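K.L.:
One-letter residues, chain by chain:
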Amino acid sequence: MAGYARSMLTISAELQSKIVAHARADHPDEACGVVAGPAGSDRPERFIPMLNAERSPTFYRFDSLEQLRVWREMDDRDEEPVVIYHSHTATQAYPSRTDISYASEPGAHYVLVSTRDADAAEFRSFRIVDAEVTEEEVGVTGTE
Amino acid sequence: MAIEVRIPTILRTYTAGAKSVEGSGGTLDELFSDLDARHGGLRERLVDDAGLRRFVNVYLNDEDVRFLGGLGAPVHDGDTVTVLPAVAGGAS
Numbered sequence: 001m002a003g004y005a006r007s008m009l010t011i012s013a014e015l016q017s018k019i020v021a022h023a024r025a026d027h028p029d030e031a032c033g034v035v036a037g038p039a040g041s042d043r044p045e046r047f048i049p050m051l052n053a054e055r056s057p058t059f060y061r062f063d064s065l066e067q068l069r070v071w072r073e074m075d076d077r078d079e080e081p082v083v084i085y086h087s088h089t090a091t092q093a094y095p096s097r098t099d100i101s102y103a104s105e106p107g108a109h110y111v112l113v114s115t116r117d118a119d120a121a122e123f124r125s126f127r128i129v130d131a132e133v134t135e136e137e138v139g140v141t142g143t144e
Numbered sequence: 145m146a147i148e149v150r151i152p153t154i155l156r157t158y159t160a161g162a163k164s165v166e167g168s169g170g171t172l173d174e175l176f177s178d179l180d181a182r183h184g185g186l187r188e189r190l191v192d193d194a195g196l197r198r199f200v201n202v203y204l205n206d207e208d209v210r211f212l213g214g215l216g217a218p219v220h221d222g223d224t225v226t227v228l229p230a231v232a233g234g235a236s
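One line per chain: the protein sequences are A and B, in this order.
Under the numbering used here, think of the first position of the first sequence as 1, with each following residue one higher.
Under the numbering used here, think of the first position of the second sequence as 145, with each following residue one higher.
This is chain B alone, in the form it adopts within the complex:
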């Protein structure tokens, strides 16, 4: 068993076009580091010094991980992590 991570179109250049990849780790942070070992550059698109980038939404199963502790959120085998580009903007 592993953790399935669903990748949005915009980031599939890092996964050779794959819509989903698998990884492991005890927290979201560890999972992203594990993914980065095989999909170099992916982590930097998801995380910056302050934590999760505001340009992405990351979900653990059906929850927004911002409400679950962000990068420190615990993850388990069999979980599904979904990454979507945040849709936002505005006049200012």
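Isolated chain A, as found in the complex:
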């Protein structure tokens, strides 16, 4: 797919700040969620913060029933999870071994936010395909 080769996340400044705000709000627990977009478009458009069923500073898991509801809704709207994000609250914004073992959406941009520094959030994006991690560029649109 073209999206893989280009390997870049293009996201609006507004969505980026919503993700960071969610991560800050749930700190020191990990925050998680998705940004849905039209299937095949590679455009993140609809911000969907999710519950961290683990409520943990070192682990996250989507609540299974909330996930079913959100996934069905995306199906009905012909959307897919373009971005799957979560935060690390004491370590860098880089996929952990656990993150890699669970990563099962080869078409998604895995966004990691680190809130370990209260003043500057790290915001990075990765592809995780067959347990191989590739960092990609983040292009932010809609900034002045």
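There may be inaccurate statements among the hints.
Claimed, not checked - Chain B stretches covered by chain A per the calculated footprint, using a threshold of three residues with CB under 8 Å from any CB of chain A:
id : stretch
1  : 172-182
2  : 198-206
As the list claims (entries may be wrong) - Residues from chain B that keep clear of chain A, each with C-beta distances beyond 10 Å, as calculated:
id : residue
3  : A146
4  : E148
5  : E188
6  : L212
Calculated directly from the structure, the hints in this document are not laboratory data.
Note that the structure is a prediction, hence the values are computed from the model and not measured.
All C-beta atoms in this analysis are idealised placements derived from N, C-alpha and C, irrespective of residue type, glycine included.
The hints should help you fit chain B onto chain A, whose structure is shown.
P.N.:
Structure of chain B alone, referenced to chain A:
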């Protein structure tokens, strides 16, 4: 009538790209074995020695089967089983 099983993108290599397949059985365990006869390898992606793999969520109609007895959950013609990849991870 049969049981409809909705397959996530990541597992559609086992179903020749199909988004949903049909199977039969009295329990989830039997249903997965029945599917495996036509979609070889699928069962192993859903089940290990300890039961349902932690990397997948399996729903019977609108319920998480972990709350319905896991692999032993009874299934009936007309039910819909949905498989989704669990979304999880974290720093440790």
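K.L.:
Taking the hints in turn, state whether each one holds.
P.N.:
Evaluated hints:
Coverage of the stretch 172-182 of chain B by chain A is violated. Counting CB-CB distances below 8 Å, 0 residues qualify, and the rule asks for three or more. Counting residues of the stretch 198-206 of chain B whose CB falls under 8 Å from any CB of chain A gives 4; the rule of at least 3 is met. Listed as a non-interface residue, A146 (chain B) keeps its Cβ farther than 10 Å from every Cβ of chain A; the least gap is roughly 21 Å. In this structure E148 (chain B) is separated from chain A by more than 10 Å, as the shortest Cβ-Cβ distance comes to about 14 Å.
Non-interface status of E188 (chain B) relative to chain A is upheld: no Cβ of that chain comes within 10 Å, the nearest being about 15 Å off. Every CB of chain A lies more than 10 Å from the CB of L212 (chain B), the least distance being 12 Å, so the non-interface label holds.
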